[in-house]
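Got two chains here, separate frames each, mind docking them using the hints?
Listed in order, the protein sequences are those of chains A and B. Going by the numbering used here, the first sequence opens with residue 1, and the numbers climb by one from there. Going by the numbering used here, the second sequence opens with residue 1001, and the numbers climb by one from there.
Errors might be hidden in some of the hints.
In silico lysine-lysine, DSSO-like type, Cα no more than 30 Å apart, as pairs [as the list claims (entries may be wrong)]:
#, chain 1, residue 1, chain 2, residue 2
1, B, K1221, A, K452
2, A, K447, B, K1062
3, B, K1139, A, K18
4, A, K180, A, K113
5, A, K47, A, K310
6, A, K447, B, K1074
7, A, K447, B, K1164
8, B, K1074, A, K452
9, B, K1086, A, K447
10, B, K1062, A, K452
11, B, K1164, A, K452
12, A, K242, A, K113
13, A, K452, B, K1086
14, A, K234, A, K293
15, A, K234, A, K180
16, A, K452, B, K1141
17, B, K1139, B, K1086
18, A, K204, A, K234
19, B, K1141, A, K447
20, B, K1141, A, K18
21, A, K204, A, K238
Listed next, with one range per pair, are the computed distances between beta-carbon atoms [as the list claims (entries may be wrong)]:
#, chain 1, residue 1, chain 2, residue 2, range
22, A, F3, B, K1141, 22 to 28 Å
23, B, E1077, A, L316, 50 to 56 Å
24, A, V11, B, K1074, 35 to 41 Å
25, A, L432, B, I1021, 43 to 49 Å
26, B, N1162, A, F3, 22 to 28 Å
27, A, V11, B, P1117, 14 to 20 Å
28, A, F3, B, K1135, 29 to 35 Å
Stretch by stretch, here's where chain A covers chain B in the computed footprint (C-beta under 8 Å, at least three residues) [said to hold, decoys possible]:
#, stretch
29, 1074-1081
30, 1105-1119
Keep in mind the hints are simulated off the structure, nothing from the lab. The C-beta atom is built at its ideal place from N, Cα and C for all residues, glycine as well.
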Amino acid sequence: MRFFDTLTLSVRNLWRRKLRTTLTIIGVMIGTCAIVVMISLGLAMNKNFIDQLSRMGSIMQIQVYAWNAGGTTPDGKKIEPLTDAKIAEIAKIKGVEGATPVLELDLKMAVGKYVGWIYILGIDPDVFQMLDIPISNGRGLTSGDTDQMVVGGYVRYNLYNPKSNRWDPAPEDINLMEEKVLITWDMNYGNRTYPGMSGSSRKKVKPVNVEVVGIIGESGNYDYSVIMPLEAVKKYKKEKEKFEQQEYGGNGGFMIGRSSSRGSSSQENQGYNQAIVKVKDIDSVAEVLEQIKNMGYEAQSPIQILEQMKQQSAGLRQILGGIGITAFIIAAIGIANTMYMSIYERTREIGIIKVIGARLRDIRRIFLMEAGWIGIFGGVFGIGLSLLASMALNKFKINLGGQIMWMPEAEGMMSSYIPPWLMLAGAGFSFLASLLAGLLPARRAMKLSVMKALRQE
Amino acid sequence: MSAIITLDNVYRIFRMGQERIYAVNGISLTIEEGEICCLQGPSGSGKSTLLHIMAGLDRPTKGSITIGNTRIDKLSENQLALFRQKHIGFIFQSYYLIPTLTALENVALPLTFCGVPRSKRIKMAKELLEAVGLKDRMKHKPSEMSGGQQQRVSIARAFVNNPKVVFADEPTGNLDTVTTHEMMQLMTSLAYERKQTLVMVTHNPELSDYCTRIVRVRDGKIEKIENGRDNGYETENA
Ligand SMILES: Nc1ncnc2c1ncn2[C@@H]1O[C@H](COP(=O)(O)OP(=O)(O)OP(=O)(O)O)[C@@H](O)[C@H]1O
Ligand SMILES: [Mg+2]
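Only chain B is shown next, with the shape it has when bound in the complex (with noise of 0.2 Å):
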């Protein structure tokens, strides 16, 4: 197994005035492919801006992250959407699906940005959907389901375009304990079939047990790496 997400050296640095906060204090790091790794730390310790530096939504003040052959901070604005569009899926907390559509629209919608024609696309989320067990909701609208049938739909649309790495923050931090094991499962039974590497941030330990490798942080900096479970990859050790 190779190398798919290296951080070399990642500082993210907030003014706030005269103040800086070193949300992310200097962290290199190396994900392997197919790894489920698990980010844990404190509230405050810059798992969510590690996790979004990652993904691409946000950009270091310093530092290079690698993913695949592609230097990410190195690309412009543009670059980065068609990357994303291609290669990265991403989960939140609060799901953070566009209200006004339907399940079924809401997943086939990074397939719209991607160019695929719509009767591609829309087959392409119903089997998705189908995959996260809402055959019966495509057509409702977000305000019509509860909070684990959204993230399932948010599920869906992290995987639908088939990216390589699938991030999730806290996916599961709005969930009571039975629906919270139902999606952990999901997801990880998706990145396995496909291959895929997932990288997620949890405050919950029971949670441990799903990851290939949990990574602690603190004050912006890795504290510990563990080895979790073996997903049946080979792993190893940063």
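For reference, chain A alone in the conformation it holds in the complex (with noise of 0.2 Å):
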């Protein structure tokens, strides 16, 4: 029998059932849909985890800290203070791009009439562009910078108008950049003094000027931080040590804040709390991540946050993949039944066709390609219906991964995300099924003896 007859017999027989057939492909149909659907909301929460995290932009970053300096590693090992020389070393780890030590300090910064506390980050200018920080308006830090800082987008947000009764606030559109700004390291600057108060006969510190060259987009880590070139930041805290010891006598008073770090001694010796350190590819960092940690210093990555995440979702989309399967076993089954049906139906049919002369070979064909073409058109239509779902899932924002997994709603969250390769596997698994589930009617209609079938009513 010739191909070509075999496929138009096929689409004839099934066209003569009209409704049966369009019902059993209704079934793969939502068979179909129901497991692309339940795969896209799991791929969508992975797409949705990296997506959130190559915002922070810091997926390839290790944060050191060197809270256990001086303690002893589990192995009994001394932790070595983390100093420019131990940062060096780390530089030089294989798969490391570079590496800066991160010396945080809180000073004041005067805006015009505006004064607010704020949180420095200093780092090496050097490695300023390694860290992927994104700048929304102006540049980032480059080397040769010195009185120039990059600061965060809610930073003035902190200012506000000390010498009002009320709460004044700097208003919304105030550029830094364009403004003549000031920090000193007198935490009360421009505060309202009051007789008897505390430092109220301290001597005037003459403020520095800096030049605000840059704007950090939203990052979530650096929105409130100002960030300066590290030998300035090392600068100012050795004069804010010094003012805090003329003006509270040696313990910095009530004024201790994160920048009065271990005690008042040299930075070099002491170390570092923190210090940031720059992976080339993101297949590197859990290594690079374990041989800081053997230094004995606390290492972390957001990729670890992504392992974490990935493994909490992981039973989740197991779930959603069976609810999917489940729905394709069903389907399967209804396609095995219009099979067996039919067969029934036709059994004295298929012996007629044995008697003139079709082959066993001619009559599996016809059968399975019956179960073919339900399972291909089902496939296809089931891959469309899943994309209308998708779209509508999107559209209102059904966000199932994120209601599981407590994720934060963000702009650009996906509910349901079918990449291509999705959707030929859809089809394809449809397909496949399809047939596996014509096959055992079609097993049935070859065996069928020539009489047995005849007498058949």
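So, in structure tokens, the structure goes:
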């Protein structure tokens, strides 16, 4: 029997049972749709994690903390302070692109009549470029910068007018890049002074002129931070310590902030609290992380969060996939049922075509092809339906992943994500499952003996 | 003329629980090429069972069946299908047409399984439908035709692939007397023109006139073989 004849015969056979064929195709379509949509929910969750993390711009960065410096590692090694030399050593680890210490310091900023506390991070300006800190306006730090700074987009919310009797924040549209900006280590700068208040007799500190060269775009990590070259921050830190010594005597008084790291001895010997390491590629992150931990430091990377999120969501994705597969199995049983029914209906007919010369393989092919057509149409329509469902889910922001994973709603968040491979896989799966469901009935049709088939009413 | 069908000590035994039914109980028979052979006998004597075994639709419990040079009892299911495709035509009492296909498509269907291209098989089917006098009913479905017309379609279908032997099981059982004679005329003349062998089962003693030989069957055995009219070929007794 010619292939084309088999093809047309199978189509005719389906066509003459339009209603049943349609219902079966709908069954397969819903099955395919269920499995594809369920998988798409899981994929969207993953995609959201990655998008969110990469929006933080820090997926290939490792935060190093030296909280344990001076202590010992579990295997008894002494943990050395995180000095410049140590950081240079970290920078030489295979796969590391660059490393910078992070020196934190609280200072006060003054812009016209507005003042506010600012949280400064001192980092190596040479390494700044590597950190992928998003700059929404102006430029980032580069080598040679001294009194230049980049400020987080929300830093302006810290600025207020201390002389006013009510809350008087800096205007919404203040552009720090165009204003004359001062910083000072006198944390009471600009405040109203009352008689008898501690420090009221202190001598005035002359604020330093700085230049805001860039605004950090929304990043999550640096929105309230100011980033300056490491050397400048070191200098201010010394000045601040000196000033506080004079002013409050030794212990730093009530002004202990994050800046008063460990005592007052010089930074170089004590080491830094923190460093940032940039890794060249995502696959090296875990290994570099391990090596830094072996040195005794605490090391963290968003990639750990990603792994954790993936693990947490794996169970959920399996449940989603399971629901989809269940739906599909039901659809496949529907196909098998339809094929069986049509064999019972056509038993006599199978007998007749055997008498007039149909071979076993002709009969098998006719039945498999019928099942195949159902699979193809069910698959293609199922993908179409999935795309519609996916669009609807995304449009109404039905964020299943977020609700279960407690992930915050963010812009560009997807509820359902159907990449091209999923479409192909969905349609292919539907086709193969349909063939499989048709195989058993086809075998039964083949095996029927002529006389038995003819006798059946 | 040489033998076209040879049965040697053929049995067909049905088991019904403990009981054994010898539907064909040791039949040996030779049918010559070009014969029009008629099987007659009381109901339940085993005529249909014998015919099915000769046509390769059923297998004997014992014994050998040779058609031409082929031992069809030795063929596999697939070989048998191919053999039927090429050499056998079959006509049933209740026509057994495919209800969703037109007369033309029904007649062309055996050629489809043979792999004959569409245009050629349509042409061949049309020729046969014309020969059975259904030129103006080609596009009709079986349900739109009378019993006689349906039987004509089924005759055309049996002859379309030009088989060596055509078997017919009570082909006129459902038809009135006039139509019965038309059908007999049609089948015998088609077989005669094409030098084909026709083996048929019939209850109707009047139809013996169309046959070259009458085989009387009783209880699964051959009771008697009679010579009928001469069909123009040389005939001889078994
Ligand atoms: N599939 C079967 N299973 C069991 N017994 C069968 C089967 N087919 C036929 N028989 C039995 O074999 C015997 C012969 O049956 P068969 O149909 O050949 O008779 P027949 O001569 O064609 O009768 P009729 O003239 O009524 O058609 C009968 O007794 C019948 O009951
Ligand atoms: Mg019978």
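Okay, the hints, checked on the actual structure:
The hinted pair formed by K1221 of chain B and K452 of chain A meets the criterion: a straight-line CA distance of about 24 Å does not exceed 30 Å. For the hint pairing K447 of chain A with K1062 of chain B, the CA-to-CA distance comes to about 22 Å; that is within 30 Å, so the pair holds. Under the criterion of a C-alpha separation no larger than 30 Å, the hint pairing K1139 of chain B with K18 of chain A is consistent with the structure, at around 22 Å. With a C-alpha separation of about 11 Å, the suggested pair K180 of chain A and K113 of chain A falls inside the 30 Å cut-off, and the hint holds.
Taken as a hint, the K47 of chain A and K310 of chain A pair is honoured in the structure, with Cα atoms around 10 Å apart against an allowance of 30 Å. Distance hint between K447 of chain A and K1074 of chain B is fulfilled; the C-alpha atoms sit about 18 Å from each other, no more than 30 Å. Between K447 of chain A and K1164 of chain B the CA atoms are separated by roughly 27 Å; this keeps the pair inside 30 Å, and the hint holds. For the hint pairing K1074 of chain B with K452 of chain A, the CA-to-CA distance comes to about 20 Å; that is within 30 Å, so the pair holds.
Our distance criterion of 30 Å between C-alpha atoms is met by K1086 of chain B and K447 of chain A, whose separation comes to about 21 Å. Between K1062 of chain B and K452 of chain A the alpha-carbon distance is near 20 Å, which keeps this suggested pair within the 30 Å criterion. A C-alpha spacing of about 25 Å is found between K1164 of chain B and K452 of chain A, which places the hinted pair at or below 30 Å, so the restraint holds. Of the pairs offered as hints, the one joining K242 of chain A and K113 of chain A holds, with about 26 Å between alpha carbons and a cut-off of 30 Å not exceeded.
Taking the CA atoms of K452 of chain A and K1086 of chain B, the gap is near 23 Å; set against the 30 Å cutoff, the hint holds. Between K234 of chain A and K293 of chain A, the direct Cα distance comes to roughly 26 Å. Compliance with the 30 Å bound is thereby established for this hinted pair. Of the pairs offered as hints, the one joining K234 of chain A and K180 of chain A holds, with about 23 Å between alpha carbons and a cut-off of 30 Å not exceeded. Distance check on the hinted pair: K452 of chain A and K1141 of chain B sit about 25 Å apart at the alpha-carbon level, within 30 Å; holds.
For a cut-off of 30 Å, the pair hint linking K1139 of chain B to K1086 of chain B stands: about 26 Å separates their Cα positions. Proximity of K204 of chain A to K234 of chain A is assessed by CA-CA distance (about 21 Å); at most 30 Å being required, the pair is judged to hold. Of the supplied pair hints, the one linking K1141 of chain B and K447 of chain A holds, its CA atoms being roughly 29 Å apart against a limit of 30 Å. Pair hint K1141 of chain B plus K18 of chain A holds up; C-alpha atoms about 18 Å apart against a cutoff of 30 Å.
With a C-alpha separation of about 17 Å, the suggested pair K204 of chain A and K238 of chain A falls inside the 30 Å cut-off, and the hint holds. Separation of F3 of chain A from K1141 of chain B is about 26 Å and conforms to the stated range, judged on CB atoms against 22 to 28 Å. Separation of E1077 of chain B from L316 of chain A is about 52 Å and conforms to the stated range, judged on CB atoms against 50 to 56 Å. A beta carbon spacing of about 37 Å between V11 of chain A and K1074 of chain B agrees with the range 35 to 41 Å that was offered as a hint.
A hinted range of 43 to 49 Å holds for the C-beta pair L432 of chain A and I1021 of chain B, which are about 47 Å apart. At about 25 Å, the CB distance of N1162 of chain B to F3 of chain A agrees with the hint of 22 to 28 Å. At about 19 Å, the CB distance of V11 of chain A to P1117 of chain B agrees with the hint of 14 to 20 Å. Taking the beta carbon of each, F3 of chain A and K1135 of chain B are about 32 Å apart, inside 29 to 35 Å as hinted.
Under a criterion of three residues with beta carbons nearer than 8 Å to beta carbons of chain A, the stated coverage of the stretch 1074-1081 of chain B is upheld, 3 such residues being counted. Under a criterion of three residues with beta carbons nearer than 8 Å to beta carbons of chain A, the stated coverage of the stretch 1105-1119 of chain B is upheld, 8 such residues being counted.
The earlier numbered hints are all upheld by this structure, with none contradicted.
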